[in-house]
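Number of protein chains: 4
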Amino acid sequence: MRQYIKSIVELNDNPKSRVFAYIVQVLILVSIISFSYETVPDLEPGTRKILRAIEVFCVIVFTLEYLLRIYCSDKKSAFIFSFYGIIDFLAILPFYLALGIDLRSLRALRFLRLFRIFKLMRYNRALAHFSRAINRAKEEILLFLFVTLILIYFSAVGIYYFENAAQPEHFSSIFDSLWWAIITLTTVGYGDVYPITVGGKVFTFFILMIGLGIVAIPTGIISSALTKSVDKKEED
Amino acid sequence: MRQYIKSIVELNDNPKSRVFAYIVQVLILVSIISFSYETVPDLEPGTRKILRAIEVFCVIVFTLEYLLRIYCSDKKSAFIFSFYGIIDFLAILPFYLALGIDLRSLRALRFLRLFRIFKLMRYNRALAHFSRAINRAKEEILLFLFVTLILIYFSAVGIYYFENAAQPEHFSSIFDSLWWAIITLTTVGYGDVYPITVGGKVFTFFILMIGLGIVAIPTGIISSALTKSVDKKEED
Amino acid sequence: MRQYIKSIVELNDNPKSRVFAYIVQVLILVSIISFSYETVPDLEPGTRKILRAIEVFCVIVFTLEYLLRIYCSDKKSAFIFSFYGIIDFLAILPFYLALGIDLRSLRALRFLRLFRIFKLMRYNRALAHFSRAINRAKEEILLFLFVTLILIYFSAVGIYYFENAAQPEHFSSIFDSLWWAIITLTTVGYGDVYPITVGGKVFTFFILMIGLGIVAIPTGIISSALTKSVDKKEED
Amino acid sequence: MRQYIKSIVELNDNPKSRVFAYIVQVLILVSIISFSYETVPDLEPGTRKILRAIEVFCVIVFTLEYLLRIYCSDKKSAFIFSFYGIIDFLAILPFYLALGIDLRSLRALRFLRLFRIFKLMRYNRALAHFSRAINRAKEEILLFLFVTLILIYFSAVGIYYFENAAQPEHFSSIFDSLWWAIITLTTVGYGDVYPITVGGKVFTFFILMIGLGIVAIPTGIISSALTKSVDKKEED
Numbered sequence: 001m002r003q004y005i006k007s008i009v010e011l012n013d014n015p016k017s018r019v020f021a022y023i024v025q026v027l028i029l030v031s032i033i034s035f036s037y038e039t040v041p042d043l044e045p046g047t048r049k050i051l052r053a054i055e056v057f058c059v060i061v062f063t064l065e066y067l068l069r070i071y072c073s074d075k076k077s078a079f080i081f082s083f084y085g086i087i088d089f090l091a092i093l094p095f096y097l098a099l100g101i102d103l104r105s106l107r108a109l110r111f112l113r114l115f116r117i118f119k120l121m122r123y124n125r126a127l128a129h130f131s132r133a134i135n136r137a138k139e140e141i142l143l144f145l146f147v148t149l150i151l152i153y154f155s156a157v158g159i160y161y162f163e164n165a166a167q168p169e170h171f172s173s174i175f176d177s178l179w180w181a182i183i184t185l186t187t188v189g190y191g192d193v194y195p196i197t198v199g200g201k202v203f204t205f206f207i208l209m210i211g212l213g214i215v216a217i218p219t220g221i222i223s224s225a226l227t228k229s230v231d232k233k234e235e236d
Numbered sequence: 001m002r003q004y005i006k007s008i009v010e011l012n013d014n015p016k017s018r019v020f021a022y023i024v025q026v027l028i029l030v031s032i033i034s035f036s037y038e039t040v041p042d043l044e045p046g047t048r049k050i051l052r053a054i055e056v057f058c059v060i061v062f063t064l065e066y067l068l069r070i071y072c073s074d075k076k077s078a079f080i081f082s083f084y085g086i087i088d089f090l091a092i093l094p095f096y097l098a099l100g101i102d103l104r105s106l107r108a109l110r111f112l113r114l115f116r117i118f119k120l121m122r123y124n125r126a127l128a129h130f131s132r133a134i135n136r137a138k139e140e141i142l143l144f145l146f147v148t149l150i151l152i153y154f155s156a157v158g159i160y161y162f163e164n165a166a167q168p169e170h171f172s173s174i175f176d177s178l179w180w181a182i183i184t185l186t187t188v189g190y191g192d193v194y195p196i197t198v199g200g201k202v203f204t205f206f207i208l209m210i211g212l213g214i215v216a217i218p219t220g221i222i223s224s225a226l227t228k229s230v231d232k233k234e235e236d
Numbered sequence: 001m002r003q004y005i006k007s008i009v010e011l012n013d014n015p016k017s018r019v020f021a022y023i024v025q026v027l028i029l030v031s032i033i034s035f036s037y038e039t040v041p042d043l044e045p046g047t048r049k050i051l052r053a054i055e056v057f058c059v060i061v062f063t064l065e066y067l068l069r070i071y072c073s074d075k076k077s078a079f080i081f082s083f084y085g086i087i088d089f090l091a092i093l094p095f096y097l098a099l100g101i102d103l104r105s106l107r108a109l110r111f112l113r114l115f116r117i118f119k120l121m122r123y124n125r126a127l128a129h130f131s132r133a134i135n136r137a138k139e140e141i142l143l144f145l146f147v148t149l150i151l152i153y154f155s156a157v158g159i160y161y162f163e164n165a166a167q168p169e170h171f172s173s174i175f176d177s178l179w180w181a182i183i184t185l186t187t188v189g190y191g192d193v194y195p196i197t198v199g200g201k202v203f204t205f206f207i208l209m210i211g212l213g214i215v216a217i218p219t220g221i222i223s224s225a226l227t228k229s230v231d232k233k234e235e236d
Numbered sequence: 001m002r003q004y005i006k007s008i009v010e011l012n013d014n015p016k017s018r019v020f021a022y023i024v025q026v027l028i029l030v031s032i033i034s035f036s037y038e039t040v041p042d043l044e045p046g047t048r049k050i051l052r053a054i055e056v057f058c059v060i061v062f063t064l065e066y067l068l069r070i071y072c073s074d075k076k077s078a079f080i081f082s083f084y085g086i087i088d089f090l091a092i093l094p095f096y097l098a099l100g101i102d103l104r105s106l107r108a109l110r111f112l113r114l115f116r117i118f119k120l121m122r123y124n125r126a127l128a129h130f131s132r133a134i135n136r137a138k139e140e141i142l143l144f145l146f147v148t149l150i151l152i153y154f155s156a157v158g159i160y161y162f163e164n165a166a167q168p169e170h171f172s173s174i175f176d177s178l179w180w181a182i183i184t185l186t187t188v189g190y191g192d193v194y195p196i197t198v199g200g201k202v203f204t205f206f207i208l209m210i211g212l213g214i215v216a217i218p219t220g221i222i223s224s225a226l227t228k229s230v231d232k233k234e235e236d
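Protein chains in written order, with UniProt numbering: chain A, 1 to 236; chain B, 1 to 236; chain C, 1 to 236; chain D, 1 to 236.
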């Protein structure tokens with residue numbers, strides 16, 4: 001009996017296990033869409049009831065799945081404290097906590113339901129690759145993130161020096177200028193703050209000519225780490 | 001006789017076939033420009049008549065071309081149901097459908113005329129390369145598109161959490177926040193929505209530092225797949 | 001005598017030729033800055049006189065340089081009709097034309113003075129590399145520029161379909177929508193036009209996810225052609 | 001005694017030297033945050049006093065560190081005029097200068113305190129790599145920066161020609177147009193200035209299709225120089 005359930009719950013070539021995995025993935029997506037839909041303002045009471053029913057249904061299935069996985073695993077405590085065991089637990093925890101506590105203080109708790117997305121990692125090779133690639137390039141990313149942060153800080157100090165007098169409402173302190181620096185150096189450029197003095201514009205010119213190459217480095221490291229990890233997969 | 005027409009209709013070293021191909025390409029472009037011009041508001045009745053005449057002329061030529069291609073092909077049904085056979089058919093279909101139906105309901109139908117652009121693929125090696133490269137990297141693109149979508153979703157949930165109270169008109173729900181997330185992470189940054197709270201700005205800072213590398217991955221895969229396909233072509 | 005002048009006018013290890021090259025380059029830059037300065041509105045008559053004097057001085061030197069180069073060259077007609085010979089001629093032509101014609105109609109002519117920038121190519125290896133690299137990758141660039149243009153056109157048609165009814169002033173025709181398409185797909189995102197309907201936003205989402213990789217290709221080809229050309233230089 | 005202090009002050013495997021290095025790094029960060037915080041407008045007098053106390057404390061420690069480093073070094077004058085010796089001196093100089101001069105004229109002097117960031121270079125391998133990589137690729141960067149500047153200048157002249165008549169307040173001279181050119185070609189796109197004429201939009205279209213590849217080159221050179229330098233590190 002336990003072997004039979006195990007062959008279904010754990011993803012393998014068994015067609016039944018594929019159906020099971022498919023159902024769980026669909027429910028995760030349904031649960032996430034329902035979570036997003038709850039944030040739409042002025043929902044009708046009828047809609048709220050449906051969303052609540054979907055949530056209850058999802059939690060029941062996820063709880064059953066969690067219990068089955070514990071039941072199937074050879075070493076129960078090992079599963080419970082494994083990465084996926086904790087994720088499975090956190091995915092249902094907020095619901096049961098909410099039953100006991102007053103609903104008003106639950107705003108932050110509600111967001112914990114999003115841990116369910118990580119349940120998808122079990123089925124998605126890309127996500128697993130991704131977290132491994134990040135892990136391997138961790139040191140490099142941190143080192144160059146540091147260089148990037150220093151550049152952003154220098155840009156903020158520079159623009160503060162040039163623009164503070166002309167636009168005290170937008171560049172009131174170096175902290176405010178940091179917002180400009182990050183939005184400009186990543187080339188997002190919302191247009192909510194931008195230099196208007198000649199000095200500030202010339203400074204922006206130089207920062208952009210030099211800075212784009214530097215800000216692109218952590219990005220490039222992540223990309224190349226992922227590409228390497230994909231190439232390695234293909235070799236296997 | 002059939003062999004002679006075939007040598008003209010199918011692109012080869014025959015100079016006449018080059019002239020034929022050139023005429024068809026020019027007519028496709030004329031037809032697309034005419035289609036675009038029709039959307040200009042408040043056209044004079046005279047202009048409308050000219051555009052209509054161009055359209056009728058193009059359709060007649062494309063119909064003749066279609067019939068000639070059927071006539072020339074060795075296995076008629078094989079051509080009709082081939083990729084290019086269907087494209088050639090769809091390129092003239094809207095016109096003949098429009099003759100039978102009331103003109104008011106034709107808005108969506110009108111856009112079907114754009115299938116003519118795909119007729120250009122027959123003559124453009126880059127487009128053929130492009131669709132083959134996309135096809136080969138399909139699985140990878142889908143996997144990392146999924147990672148990107150999760151990142152975008154997380155950004156949307158985060159910014160909703162920080163900005164909803166301060167800007168309920170711009171970040172009214174997670175669906176609205178998704179718009180901000182995609183416009184920011186692709187660095188388009190229209191400036192129609194942007195965070196104004198300190199928490200939202202700090203969150204944007206971290207999302208941008210980490211996220212740009214991830215959003216760039218599907219883009220990078222397409223680019224590298226195309227580059228490989230170009231290099232392979234050069235080796236031939 | 002002619003050999004002596006030639007050793008000065010043509011750039012080589014001779015220190016005098018280096019000084020000559022340096023003077024010409026400085027004068028080109030002075031002449032370009034002076035050209036830019038003339039466009040500043042409401043200049044004082046005194047400033048105008050100085051700018052005019054600078055222009056006259058530059059043209060005299062460039063004319064002398066041109067005559068010396070003709071005098072030095074072994075085959076006079078070969079130099080006159082060579083790339084640099086024509087550039088040298090075009091750099092002084094607008095001034096002499098302006099002496100004969102009424103000054104009012106000279107707006108377009110004035111811009112011809114910018115041909116002087118190309119005179120710098122004689123001294124700048126990067127510029128020479130650049131034009132050679134572009135030349136070599138010409139066919140590829142054109143092929144993929146075509147794919148990019150089709151993508152931009154499709155984006156414009158799509159956004160026109162979604163946004164025309166909601167924003168007839170910004171998306172009045174497909175030509176207007178093309179402006180949105182190029183500004184969005186290059187991620188410039190001025191924020192002067194952006195979709196406001198749900199359909200338009202979802203469409204933008206998909207276009208951005210797919211399109212960024214495609215628009216980046218001509219850019220990538222230019223970059224890689226240049227990098228190859230730089231590497232080759234280093235091997236020499 | 002001197003050997004003992006030297007083993008602490010200079011970073012090595014000695015655990016005490018690690019603690020010393022850690023304290024100095026924390027103080028640099030504290031000093032930079034305190035510097036940034038001073039720029040916040042309308043600080044309470046109490047906060048000002050605390051910030052002043054932090055500054056005095058940091059300077060005392062940095063002065064002690066400087067004196068110890070001189071004391072430890074085998075050739076005193078060699079250290080004082082070395083890169084790090086000068087940086088250490090500049091990091092404390094503004095404070096002592098400020099004691100002697102009237103406080104009003106110190107705005108520019110205040111920014112000299114930021115030299116302290118460079119003190120971090122002693123401890124951060126990434127920063128050292130970075131400056132070495134930039135140094136090695138210096139010539140290439142300058143050559144292509146020049147090509148980029150010419151492209152930006154041409155874009156500015158072009159847009160001035162198209163937009164000056166329609167928007168004399170935004171494109172009043174070529175210098176003003178340069179601001180548009182840099183913000184557009186780096187794809188920042190604040191949206192403070194953008195073309196509104198058909199000619200200007202078509203020109204922007206072509207500039208963007210061609211220009212993005214060129215502006216990306218100096219950026220690409222910095223990135224690749226850094227990547228090479230990182231790979232070399234890994235080989236060691």
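Hints were generated in silico from the structure; no laboratory data involved.
Worth double-checking, as some hints may not be accurate.
Copies of the same chain look alike in the list, so a pair counts if it works inside one copy or between any two.
What the hints assert, rightly or not - Derived SDA-like pairs (lysine to any residue); straight-line CA-CA distance at most 25 Å:
hint	residue 1	residue 2
1	Lys49	Pro168
2	Lys49	Tyr161
3	Lys119	Gly158
4	Lys49	Thr63
5	Lys119	Phe154
6	Lys119	Ser131
7	Lys138	Tyr153
8	Lys119	Glu140
9	Lys49	Phe175
10	Lys138	Ile117
11	Lys201	Asn12
12	Lys6	Leu208
13	Lys138	Asn124
14	Lys16	Asn164
15	Lys16	Val26
16	Lys138	Tyr37
17	Lys119	Val157
18	Lys138	Arg18
19	Lys49	Ser173
20	Lys138	Ala128
21	Lys138	Asn12
22	Lys138	Ala166
23	Lys201	Val147
On a predicted model such as this, the values are computed, not experimentally measured, just so you know.
Hints versus structure:
1. Lys49 x Pro168: between (50 Å within a copy, 24 Å between copies)
2. Lys49 x Tyr161: between (56 Å within a copy, 23 Å between copies)
3. Lys119 x Gly158: between (45 Å within a copy, 19 Å between copies)
4. Lys49 x Thr63: within (21 Å within a copy, 57 Å between copies)
5. Lys119 x Phe154: The answer is between: 14 Å across copies meets 25 Å, while 41 Å in one copy does not.
6. Lys119 x Ser131: Classified as within; 14 Å inside a copy, 34 Å across copies.
7. Lys138 x Tyr153: For Lys138 and Tyr153, the Cα distance is within 25 Å both inside one copy (22 Å) and across copies (24 Å).
8. Lys119 x Glu140: Answer is between: at 20 Å across copies they meet the 25 Å cutoff, but 28 Å inside does not.
9. Lys49 x Phe175: between (45 Å within a copy, 20 Å between copies)
10. Lys138 x Ile117: both (23 Å within a copy, 23 Å between copies)
11. Lys201 x Asn12: neither (60 Å within a copy, 39 Å between copies)
12. Lys6 x Leu208: Neither way: Lys6 and Leu208 sit 57 Å apart in one copy and 41 Å across, limit 25 Å.
13. Lys138 x Asn124: For Lys138 and Asn124, the Cα distance is within 25 Å both inside one copy (22 Å) and across copies (15 Å).
14. Lys16 x Asn164: neither (66 Å within a copy, 43 Å between copies)
15. Lys16 x Val26: within (15 Å within a copy, 56 Å between copies)
16. Lys138 x Tyr37: neither (36 Å within a copy, 30 Å between copies)
17. Lys119 x Val157: Classified as between: cross-chain Cα gap 17 Å, same-chain 43 Å, threshold 25 Å.
18. Lys138 x Arg18: Between copies only: 22 Å across, 34 Å inside.
19. Lys49 x Ser173: between (48 Å within a copy, 18 Å between copies)
20. Lys138 x Ala128: The answer is both: 15 Å in one copy and 18 Å across copies each meet 25 Å.
21. Lys138 x Asn12: Between copies only: 23 Å across chains, 32 Å inside a chain, cut-off 25 Å.
22. Lys138 x Ala166: neither (41 Å within a copy, 35 Å between copies)
23. Lys201 x Val147: Both: 23 Å inside a copy, 20 Å across copies.
Of the hints listed earlier, those the structure fails to meet are numbers 11, 12, 14, 16, 22, in rising order.
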